[in-house]
Amino acid sequence: MIARVIITPKPVVNDPQGLTVKQGLASLGFREVTDVRVGKYIEVNIEGSSEHEARRRVEEMCRQLLANHVIEDFRFDIEQEHKRR
Amino acid sequence: MRFGVVVFPGTWSDRDCGWVIDQVLGQELTYLWHKDTDLKGCDCVILPGGFAYGDYLRTGAIARFAPIMEQVGDFADRGGLVWGICNGFQVLCEAGLLPGALIRNASLEFRCEWTNLLVERTDLPFTSKCGDREVIRVPIAHGEGSYFADPATLSRLEQRGQVVFRYCDSRGRVVPAANPNGSMHNIAGIVNARGNVLGMMPHPERCSEAELGGTDGLKLFRSAAEGALKVLVS
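Protein chains in written order, with my numbering: chain A, 1 to 85; chain B, 1001 to 1234.
Worth flagging that the hints you see were computed from the coordinates, not collected in a lab.
The structure displayed is predicted, hence computed values, not measured ones.
A couple of the hints might just be wrong.
[Unchecked claim] Below are the SDA-like pairs computed for lysine to any residue, each with C-alpha atoms no more than 25 Å apart in a straight line:
1) A:Lys-22 - B:Pro-1099
2) A:Lys-22 - B:Lys-1035
3) A:Lys-22 - B:Glu-1070
4) A:Lys-40 - B:Pro-1099
5) A:Lys-10 - B:Ser-1107
6) A:Lys-40 - B:Arg-1111
7) A:Lys-22 - B:Phe-1110
8) A:Lys-22 - B:Asn-1105
9) B:Lys-1035 - A:Met-61
[Unchecked claim] Part of the chain A face toward chain B, derived, beta carbon under 10 Å:
10) Ser-50
11) His-52
12) Glu-72
[As the list claims (entries may be wrong)] Anything over 12 Å on all C-beta distances counts as not near chain A; from chain B, calculated:
13) Gly-1026
14) Glu-1028
15) Gly-1060
16) Pro-1067
17) Asp-1077
18) Arg-1078
We put the CB at the ideal spot given by N, CA and C, even for glycine.
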């Protein structure tokens, strides 16, 4: 199984990277852009457990390490991965 | 009086802190390796600046799992003096020993410059040698030193007087222009409610000898050297 974890700065946290990217997009002519937030993407490979169990474990991983609850929100999907050759 | 300076892989200010303790102050010094599991009888533990474990994931995020950190947390719980400087402050926040977090500077730049700090607490073991509301000159060197806390935490810190250092101008005015990194309320350093765990972004170890352009940092080291002897560790 593979967990695809997305971590974003909380809405109340100032995100200077996002603001800078937004300005960059505007200067390229993408004037429809109203907001940009820059976060992190983490892939976690998991073996064994059921999807339900994996979901519970990944939630714990996010709480304990992958995200800092003071400044970040997290969400994730779990996919059954095709067997690698 | 024995200072312990914690060394993680990627720490870089350990020798600067050690020099001040050993050569300038003439106090006992022990380096504590991140894999150590005891504090070797230290009266004050310093978590110095640098990039512990490469600051992978987030600043201080991995360092907090080092074996030594369990001892540091236990020591703090028992009332021992713990002092986080720059990366050490980030580690203390990640470890939950101090509230809030340090995020990317608002400018997105790594800022390496002198700052003025308004000392708002002089009743602490770390600041007793400072004058009341004294302005001290201490350099910063960081890319992620913008202090953030949610509104409830921030107001609790202010109400309890846990803000120890605030970026100010040379006359002690806390103004936006004196804020080098976008920290909320110009916060440069905070202490826990009990007053024994201090975190600060500026580097007092880099201004403890006249040759380095200033000696205000030495006031904090002198305070800690004296203060640690008065603190009762249970």
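Consistency of the hints with the structure:
no.: 1; hint: A:Lys-22 - B:Pro-1099; verdict: violated, 30 Å
no.: 2; hint: A:Lys-22 - B:Lys-1035; verdict: violated, 43 Å
no.: 3; hint: A:Lys-22 - B:Glu-1070; verdict: violated, 42 Å
no.: 4; hint: A:Lys-40 - B:Pro-1099; verdict: holds, 23 Å
no.: 5; hint: A:Lys-10 - B:Ser-1107; verdict: holds, 19 Å
no.: 6; hint: A:Lys-40 - B:Arg-1111; verdict: holds, 24 Å
no.: 7; hint: A:Lys-22 - B:Phe-1110; verdict: holds, 21 Å
no.: 8; hint: A:Lys-22 - B:Asn-1105; verdict: holds, 17 Å
no.: 9; hint: B:Lys-1035 - A:Met-61; verdict: holds, 23 Å
no.: 10; hint: Ser-50; verdict: violated, 27 Å
no.: 11; hint: His-52; verdict: violated, 26 Å
no.: 12; hint: Glu-72; verdict: holds, 8 Å
no.: 13; hint: Gly-1026; verdict: holds, 39 Å
no.: 14; hint: Glu-1028; verdict: holds, 35 Å
no.: 15; hint: Gly-1060; verdict: violated, 9 Å
no.: 16; hint: Pro-1067; verdict: holds, 16 Å
no.: 17; hint: Asp-1077; verdict: holds, 20 Å
no.: 18; hint: Arg-1078; verdict: holds, 24 Å
The structure is inconsistent with the numbered hints 1, 2, 3, 10, 11 and 15, although it conforms to all the rest.
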